[in-house]
Amino acid sequence: MKLSLDNVDMSISIVSMCLLPTALILVFFYAPVEATLGASHKIFYLHVSSAISMMVCFGLCGMSGLIFLLLSARQKKAKQVFDCVGVACAEMGIVLGAVVLTTGPLWAKKAWGTFWTWEPRLTLSLVVFLLFLGYVALRSFAGSDAFAKGVASGLAVLAMPLLYFIHFAVERWGGAHPQVVFKGGLVEPKMVLTFIFTLAAVVFTSTALVLARFRIERIRNKMDEVFLALDDMQNTEV
Amino acid sequence: MRAFFSILWKDLLIEFRTKDIIYPMALFSLVLLVIFSFAFLQDPKKAIDYGPGIVWVCVLFSSTVGQNRLFDKERENNCLSALLLCPCKPYTIFLAKVMMHLILASLVQLFSIPLILVFFDLSLVDSLSFVASLVLGNIGLAIIGTLFASMLTNSKMKEVLLPLVTYPLVIPLLVAGVKVSAIALGAPIFEDVNPWLRFMLGFDLFAGLLAFLLFERMIRQ
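Chains as they are written, first to last, in our numbering: chain A, 9 to 246; chain B, 188 to 408.
None of these hints come from the bench; they were simulated from the model. Please read all numbers here as calculations on a predicted model, not as lab measurements.
Selected chain A positions facing chain B (Cβ under 7 angstroms, derived; list incomplete):
| no. | residue |
| --- | --- |
| 1 | V135 |
| 2 | L138 |
| 3 | G142 |
| 4 | F149 |
| 5 | G162 |
| 6 | L163 |
For glycine and all other residues, C-beta sits at the position ideal for the given N, C-alpha and C.
With these hints in hand, go ahead and build the complete structure from the sequences.
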């Protein structure tokens with residue numbers, strides 16, 4: 009079998025199709041119920057895995073944006089590749105962010121008694137999510153293509169270091185809110201196993217989707233080129 | 188340097204004759220003020236709770252109104268491309284536009300902020316840090332807003348996209364600005380203003396450096 013992107017994507021999809029149900033079964037039937045939080049803590053397996061994958065997606069998006077801007081206009085092929093990586097990662101990140109921002113409040117309602125508090129970590133995830141919604145909106149609505157790509161990449165690049173400032177600000181602004189106890193109880197081997205499985209499932213599924221999105225974007229670019237070439241041909245004939 | 192001043196002078200001259208950025212900004216601030224007083228002010232004694240926020244929302248919104256129009260004149264006859272052909276570095280244009288926005292925003296705020304203080308019966312305890320926070324905040328807003336406004340000049344949905352993109356990025360300025368102005372207006376917060384002002388200064392320097400590095404690369408795409 010030839011090792012092409014299509015085949016890689018296909019095999020990752022198959023793996024993730026096996027992993028996802030296994031992870032769900034493990035979460036619901038295998039992982040023990042935590043003593044203080046009860047069954048509600050089981051949402052963490054999905055929540056934390058999605059949050060980690062989301063951050064990785066956004067990181068990749070920022071890096072591909074940076075490379076896109078650094079490459080000169082002559083390296084058109086490479087630019088296109090990194091641009092496609094950026095879109096694919098940003099859109100996947102938004103999907104994962106939606107998962108994080110839905111599962112989080114669901115758990116918080118049970119544990120803290122409220123869906124949302126302006127706690128630094130929550131605020132930061134929300135802001136990151138908004139920034140990349142802006143990225144996708146720029147890509148979709150900002151008019152001419154090359155320009156939109158430049159602006160969106162600029163935003164992704166700018167967002168990365170500025171997140172540090174945002175983090176600092178919301179942390180100080182939040183004042184004396186308690187920090188979320190993060191993975192404090194993850195010592196039980198059954199829990200660790202379940203967590204690893206869920207993380208793998210989410211990572212594989214996201215990778216498969218990112219690759220699929222990447223391929224769509226590549227095909228779209230190629231279609232654009234074909235249309236342009238066709239246009240040129242018709243113009244020269246006239 | 189001469190290019191910087193001539194671009195700035197050109198913009199100021201056009202603005203002085205048409206006044207089509209500064210009027211909308213000022214009027215918008217005024218309307219916003221009236222709306223805020225209806226929206227928030229049930230109990231005049233609580234003005235100190237809302238006052239700093241109102242100041243900063245006014246600053247933010249009016250600067251967005253200004254930035255949406257800042258590059259409008261360069262759109263006609265594709266003047267932006269002509270401007271980029273100038274024998275000067277692209278960041279000179281950027282700096283001139285930032286300066287232009289700063290001048291306009293300061294003029295508008297010279298008018299709107301005293302009005303806020305009067306309408307909401309607020310009194311300044313520490314006017315120096317209040318002004319410092321406004322200056323630093325405006326510089327940051329101008330840098331980030333102008334960077335994206337210049338890119339979005341030719342976009343049809345600029346009015347929507349600009350706030351969508353810039354607001355999340357300027358959250359740190361807003362947080363720090365509201366904090367400093369609350370302290371400066373005498374809210375019962377027992378914190379030192381200097382770390383916050385230093386934070387704003389750091390943000391401005393950092394955003395300025397990044398914008399300086401990115402502007403040329405972004406506009407050349």
